[in-house]
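As they're listed, the protein sequences go chains A and B. Counting in numbering that gives the first Met the number 0, the first sequence runs from 0 upward without gaps. Counting in numbering that gives the first Met the number 0, the second sequence runs from 0 upward without gaps.
Please keep in mind that the hints were generated in silico from the structure rather than gathered at the bench. Check each hint, because a few of them may be wrong.
Calculated pairs, DSBU-like style, for lysine-lysine (alpha carbon to alpha carbon, straight line, at most 35 Å) [to be verified]:
#1 Lys101/A x Lys299/B
#2 Lys144/A x Lys114/B
#3 Lys58/A x Lys58/B
#4 Lys115/A x Lys144/B
Which bits of chain A does chain B cover? Going by a derived footprint, with three or more residues having C-beta under 8 Å, they are [said to hold, decoys possible]:
#5 4-16
#6 48-59
#7 102-115
#8 119-131
From the three backbone atoms N, C-alpha and C, an ideal C-beta is built for every residue, glycine too.
Number of protein chains: 2
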Amino acid sequence: MRLSRLGEFGLIDRIRRQVAVSRGVRLGIGDDAAWVDHPQGSSLVTADLLIEGIHFDLKWTSLADLGYKSLAVNLSDVAAMGGTPAYVMLSLGIPANFDTDKIDKLYRGINGLAKKHGVTIVGGDTNAAGSLLISVCLIGHPPKKPISRSGAHVGDDIYVTGTLGDAALALNLLRHKRRPQSRAEAHLLKRLHRPTPRLAAGALLARRNLATAMIDVSDGLIQDLSHICQASGVGANIQQKKLPLSSAFLSLAGKIGMRHALSGGDDYELLFCAAPEQRKRIETLGKQAGVPISRIGTCKPAANGIRVIDTAGTEVAVKAQGHDHFKKQWPRRRKNR
Amino acid sequence: MRLSRLGEFGLIDRIRRQVAVSRGVRLGIGDDAAWVDHPQGSSLVTADLLIEGIHFDLKWTSLADLGYKSLAVNLSDVAAMGGTPAYVMLSLGIPANFDTDKIDKLYRGINGLAKKHGVTIVGGDTNAAGSLLISVCLIGHPPKKPISRSGAHVGDDIYVTGTLGDAALALNLLRHKRRPQSRAEAHLLKRLHRPTPRLAAGALLARRNLATAMIDVSDGLIQDLSHICQASGVGANIQQKKLPLSSAFLSLAGKIGMRHALSGGDDYELLFCAAPEQRKRIETLGKQAGVPISRIGTCKPAANGIRVIDTAGTEVAVKAQGHDHFKKQWPRRRKNR
């Protein structure tokens, strides 16, 4: 079967079926990170492969930003489990025209973020390659009970950290011109190139046992919400007017803006569900973690699907749309199997 | 500085200097696998990135063999620490012309070997790509005392498992014609495409505390021996006539054969050092692990460098030659930072 027909998530399901699950694997393929047992204790593990020409274009991103982001997206996966990142394996495919200056710049971006979060690069693999390849595998320490995608219940509130759509709008801006011409544009570009992994919020949600399900928003709100819904066996209503949008986004998004907030990827915010009686504690947690947390919807029975209720109060079914989008073509990128 | 001038190992040293070493890292960049602490217990971690056109050519290798080998080279790294492999993160870059049949074949090769060694694929990343990319990160359980590259002493014996040069000779044969035409050729090709990670031997060496230093032979005997020598601060004499060569190798190698045994990569045998009083126990261990173990030389003071003593009894200094070779060009591949 052609992969364009199967789609990426179809392929991942196919792979999952072929892989024997063995003892010691508490969470395998299909969450933000795997959770595996050791003879003593356990670990979280996640990986991302970034390919020049597919995931990034060196015309649009600096090597320092690229280094930063290659680690940030993995940190975000560990955040989405409520874990603490610890060790990085970094494998590089390096084009022939690279010199040590370029490698240093890439490492500067990685090392700055690694240091901030107490993460150490412990090894990897260095290769010649036709184009730049960055493969990161991150190992983290789990909380007592990692937060998977599968624990949401009908009636749970749905929350998201930070703001949505900034990165997608920035990418759209980059497609038209290269340099930011206003503070608002600079803000959006920073959100695209230097996303903030929400480690403090994720860890607090796990420690206080507040979230029933969590994922990071890498493929877009609706797409990532659909993973929670599928894993948890629920549907969801999202109030479009409650989506958190930055002032930079509002000033630049124009008519097509809401599409970026609903379907744009690369935000690396945390999307999670929690019981309604936790509202007060979640509000407090947002302040402690230093990130705004917005309540954007409610979990519904699975038959409801995912619906976005627009500002006019009209319900718009978006579930099928999301799925079609990912089957139209062999997708550009999927963050995490 | 140009990478071709710095060389790969120079680059690795440069990276190592830039990376902050933090608590919890027992062995970081520069051994077959990293050894890292968790809040409870510890893990071994290793990674390899295989790139189409750089490390493999689909004209010469089947997808099942490629899947097998992409895991085998990582298992070999864990074997070289004396560890037990456990979990795999597998990230793929998949070309547009791939279909599910091809993916299935690749996974068949990986799964077969994974099952044999009780290893589970727990996640990864799936992407579209211009050419096939396979990035493997393997997590294993360490023995009580993992065997690093740095413990060899002057006077230690030097041993290698299995036979040397088969894979390099097979690659040479492949460059001239595609299909094996004799049993000897078929044997060599199997050694190239389906190397046997020496997990039992590695684990027994660690458990019985017999090896003072160990590495797997991925870049060629002399090159990998030089890593042990550098890390341990010793030199080495290798008796050329003691190098273990398969009958297939002997029947097909011809005049240039010995070069493959000394410098050819991809053998994935274990190269290790042990005190002379352990000879009897190592002989026994080889029988228990089901692999021949050959004593091929002796550790000397560092000033000796690495010398190969040929069949005529003449000493040939090869150290500089090995180093030059790796600086001549930005190298095709380095298994492990």
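For each hint, the structure was consulted:
1. Lys101/A x Lys299/B: violated, 40 Å
2. Lys144/A x Lys114/B: Holds. Lys144/A to Lys114/B sits at ~28 Å (cutoff 35 Å).
3. Lys58/A x Lys58/B: holds, 34 Å
4. Lys115/A x Lys144/B: The given pair, whose Cα atoms are some 31 Å apart, holds under the 35 Å limit.
5. 4-16: Since three or more residues must qualify, the claim that chain B covers the stretch 4-16 of chain A holds, with 6 doing so at under 8 Å.
6. 48-59: holds (count 5)
7. 102-115: holds (count 6)
8. 119-131: Per the Cβ count (12), the hint holds.
Hint violations for this structure: number 1 only, all remaining hints satisfied.
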